[in-house]
Amino acid sequence: MWPLWWLLVQAPDPYPALQQKQYEEAIARFEKAIEAAPGRAGLRKDLAYTYLKIGETEAARDQFAEAMRLDPSDHHAALEYAFLCHETQRQAQARRVFDRIRRSGDPQSRATAEQAFQNIDRPLAEGVARWSKVVESDAGNLAAHLELAQLAERRDELGLAARHYRAAWRIAPSKRGLLVDLGRVLLGAGKSDEAQAALLAASRGPETPASEAARELLPERYPWVSEFRRAMELDPGNIPLRRDLAFLLLQMERQPEAEREFRALLELEPGDPLSSAQLGFLYLAREDRARAMPLLERVMRGPDAALAARVRGYLQIPAPKPDGPPAVSGDPKVMAERSLQLGYLQDALRFLHNAYEADRTDPWVQLKLGWTYNLLHDDRAALTWFDQARRSADARIAGEAGRAWRNLRPSLARFRTTGWLFPVYSSRWRDVFSYGQIKTELNTGAFPLRPYLSTRLLGDLRRSTGGALPQYLSENAVILAAGLTTRSWRGWTGWGEAGWAFSYLRHRVLPDYRGGLAYGKGFGPGAGPEAAGPFFETNADALFASRFENDFLLYSQNRWGYAPSPRTQLYWSGNFTADARRLEWANFAETGPGIRFRFPSASRSLVISLDALRGAYTVNQRQLRPAAFFDFRAGFWYAATH
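In the working numbering, the protein residues as written are 176 to 817.
It is possible that some hints are incorrect.
The calculated lysine to aspartate or glutamate pairs, modelled on EDC-like cross-linking and capped at a C-alpha distance of 16 Å, are [as the list claims (entries may be wrong)]:
no., residue 1, residue 2
1, K696, E712
2, K508, D534
3, K366, E402
4, K207, D188
5, K350, E402
6, K508, E532
7, K350, D410
Source of the hints: derived by calculation from the structure; they are not laboratory data.
Generate coordinates for the entire structure from the input sequences, incorporating the hints supplied.
Structure representation (structure tokens):
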């Protein structure tokens, strides 16, 4: 093994890079130095301060925690850790550390810690007292119990927190996350048996987030029978919990106890096929066929085909002949409709072709053929039938077929060109901004990546803010690029491109690399362009842009509201923007009302929007602009596909 001094000599020195403000390089060197000398608390502290310089608050907090662990007498590191805990929403831990330092630190640290402790503890104590009075006067108030439990947990009054998490759970037993909260505070209070019961009950519940959170706090081993029993005392109606216990008892060959649990399951959920089958098998094992067969026959008639087949195999009963598709008789259009309703697509296709041979001008048949081929993933055939149906004299059928044809056609073309333009006026900047793109994409069929060529326009009228320190308001450039995009999957699309940005304002040509991940989804009847009703839509973009100092930006735009007609949407917006470099202009949140509408005589692709937004910067370190702002925006969106 190399001696420690040799490792220290070989480790790179991080301090020259730190002095030159090469923070990423300094961090990498600090990490190597720590590998060489993991017991040096000073390295951890200096790495923590370096993380703070680049805005990595949580990483800095963790390094101060290590420095505090290595040198418990370093009260300055402990104070830094506590302040960062408070900043990163670990209020209970911050209060704990401040409490320790105010009792055992040096005079200066004690004074700082005392003030910080009181700043945290006083509002918590006042909140506990206030909500305790609410609970006394209204014992069934779920919100009050929950608020009191959370405040008590942050104040390290774990017994009080557990009592009110338990009370909240009794009021709202469907909220399994309360069991996770209860288990967490019981673990902190050293009551491991009670904690295991609460966490085990939550881990077998229907809420996936609560179940996963509970499993993270449970031991890695499988629970014991006694732990299942305690969990069922807390949550007697938990069917998955009781079922797991029943099968555990079967594995342990404790059949009488397992039988009792399966009977209890059927009392809670009489139609449970798995419990019926297993209880029937147990009855058969002790030759009680009279009680077994009604249960097993119910399973064989039930909807669970795999379980029914298992029961038939156990009883050596041959499987019944499957029901065939609807018989070919009567009106082929009626038979086609019935086949579609039952999901027999191939039979529906046969009946529809028979109907088409009988009357080749029937637009209903042409439209149904289009939809059936579309459901069978034969979009080229579907496109042909939609094309015929959209020429119908029946306006309703022609409209439906035309929309389907227009939506489907671009996805099958060898080359698809899309263009969009979005000019918008902003009162906040007293400027008109214009964004647009023309993109030609190669259809590669089933291959997941598609190459494209793109031309982007990003500009505005004012160009800069003016004054002593003018700030450019947009890129003011035309960007020519080539890139790759993925096929859309459940609203997600990935893309990346490389090109050149031609700045028409500063007369420069710069390389431009950008890419990211985009997500878009709409929910509700009013989310579509031809529907009315309530709606919610969300759009998110994670973007890397080389021209903004190799920055990584995140945008999220959300709207929820009501569409009183297919051409008008009234909504409320909630948007936020953030970036990895913590640049002031790129970190803000905004919210407010808005309206989008289309004129009846205008193109369906032309949408006008008006928004009134109140916003605030989430990073405003240099105080170069007001922390809050109001913005009225008016613009229109136009898009076309060829």
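Hint by hint, here is what the structure shows:
1. K696 to E712: Between K696 and E712 the Cα gap is close to 6 Å, so the pair holds against 16 Å.
2. K508 to D534: Measuring from Cα to Cα gives roughly 11 Å; hence the hint holds.
3. K366 to E402: Given pair K366, E402 holds - Cα atoms ~13 Å apart, limit 16 Å.
4. K207 to D188: Holds, at about 9 Å.
5. K350 to E402: violated, 21 Å
6. K508 to E532: holds, 12 Å
7. K350 to D410: The hint holds at about 12 Å.
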